[in-house]
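S.K.: Please put together the full structure from these sequences, using the hints given.
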Amino acid sequence: MRKSILTLSVAAALATPGLAAAQAAAAPASPHTVTGNIGLFSEYRFRGIDQTFGQPALQGGFDYAHSSGIYIGNWNSNVNQGAGFAGSNLEMDFYGGWKKSFGDFGLDIGAIYYYYPGSDASFLVNNGVAGDGKVNNKEIYIGGSWKFLSLKYFHSIDDYFSMPDSKGSSYVDLGFTYDLGSGWGVNAHYGMLKFKNVTDGDYSDWKLGVTKDIGGYVFGAAYIDTDAKGDCDVPQFYCFGNGIGTKTKDAGRSTVVISVSKSF
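Just add 26 to wherever you are in the sequence shown, counting from 1, and you've got the working numbering.
Hint data in this document are derived by calculation from the structure and do not stem from the laboratory.
You may find that some hints are simply not true.
Mimicking DSSO-like on lysine-lysine, the simulated pairs with C-alpha atoms at most 30 Å apart in a straight line are [stated by the list, open to error]: (1) Lys126 x Lys178; (2) Lys255 x Lys193; (3) Lys288 x Lys178; (4) Lys193 x Lys275; (5) Lys160 x Lys126; (6) Lys126 x Lys233; (7) Lys178 x Lys233; (8) Lys222 x Lys160; (9) Lys238 x Lys222; (10) Lys288 x Lys164; (11) Lys238 x Lys193.
Taking CB as the label site, the calculated pair distances span [claimed, not checked]: (12) Ser289 x Gly132: 14 to 20 Å; (13) Ser196 x Ile96: 21 to 27 Å; (14) Val260 x Trp172: 40 to 46 Å.
For glycine and all other residues, C-beta sits at the position ideal for the given N, C-alpha and C.
M.R.: Have a look at this one:
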């Protein structure tokens with residue numbers, strides 16, 4: 027009997043134009059969304075500072091979002107251990123929070139954990155005190171947006187990237203993203219780090235970029251610069267080595283980063 031009713035229902039749907047489509051449209055949309063992303067970059071800059079000693083970076087991750095605004099995610103990139111992650115060549119970020127839109131306005135509140143497996147924080151020394159354990163960073167953040175503008179504040183709740191006595195360091199991120207149409211977009215950024223109790227640790231960074239979407243692949247080019255103190259003749263705080271002690275670079279120097287990425 028159940029089989030006969032099912033057969034009649036299918037036949038009725040096929041015989042009535044649009045009935046099947048209407049029934050599908052009436053089904054409630056899922057409150058769950060899962061997305062992923064992957065990208066190749068000519069180098070990895072974090073808050074304007076070189077993380078890969080000028081070498082390419084492969085990056086990617088995934089995000090889960092609920093219709094209530096709750097979200098969690100993971101993002102990963104290769105890094106160079108000379109950027110302060112002795113013993114590690116991988117960055118893993120884990121984050122979660124709540125995000126909601128109110129017309130043209132948006133609010134984002136959450137926390138993020140940066141982890142570098144295999145790293146040794148004892149190589150980080152501040153005023154004679156060495157770090158402990160593996161290199162990591164824990165931040166809480168709050169951000170707001172209006173149309174094409176965004177502003178986000180990050181606050182470290184532990185030593186900033188395991189640098190001793192740097193708890194309470196903060197970063198302000200002002201962003202601009204504008205869709206020009208036909209797959210073209212422009213973006214800009216200004217950031218400011220307050221590195222607590224670290225000599226020459228404070229700096230500002232800025233970026234100006236352009237993107238083009240071609241068949242779902244986003245190609246980008248961005249000019250990035252900072253006023254971080256990275257003179258290697260002195261040397262200064264942001265003069266980074268290549269991890270094996272043979273070469274050094276100003277990690278805050280100006281650069282152009284070329285990229286291609288895709289979301290799915």
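S.K.: Which hint numbers does the structure go against, in order from smallest to largest?
M.R.: 5, 9, 11
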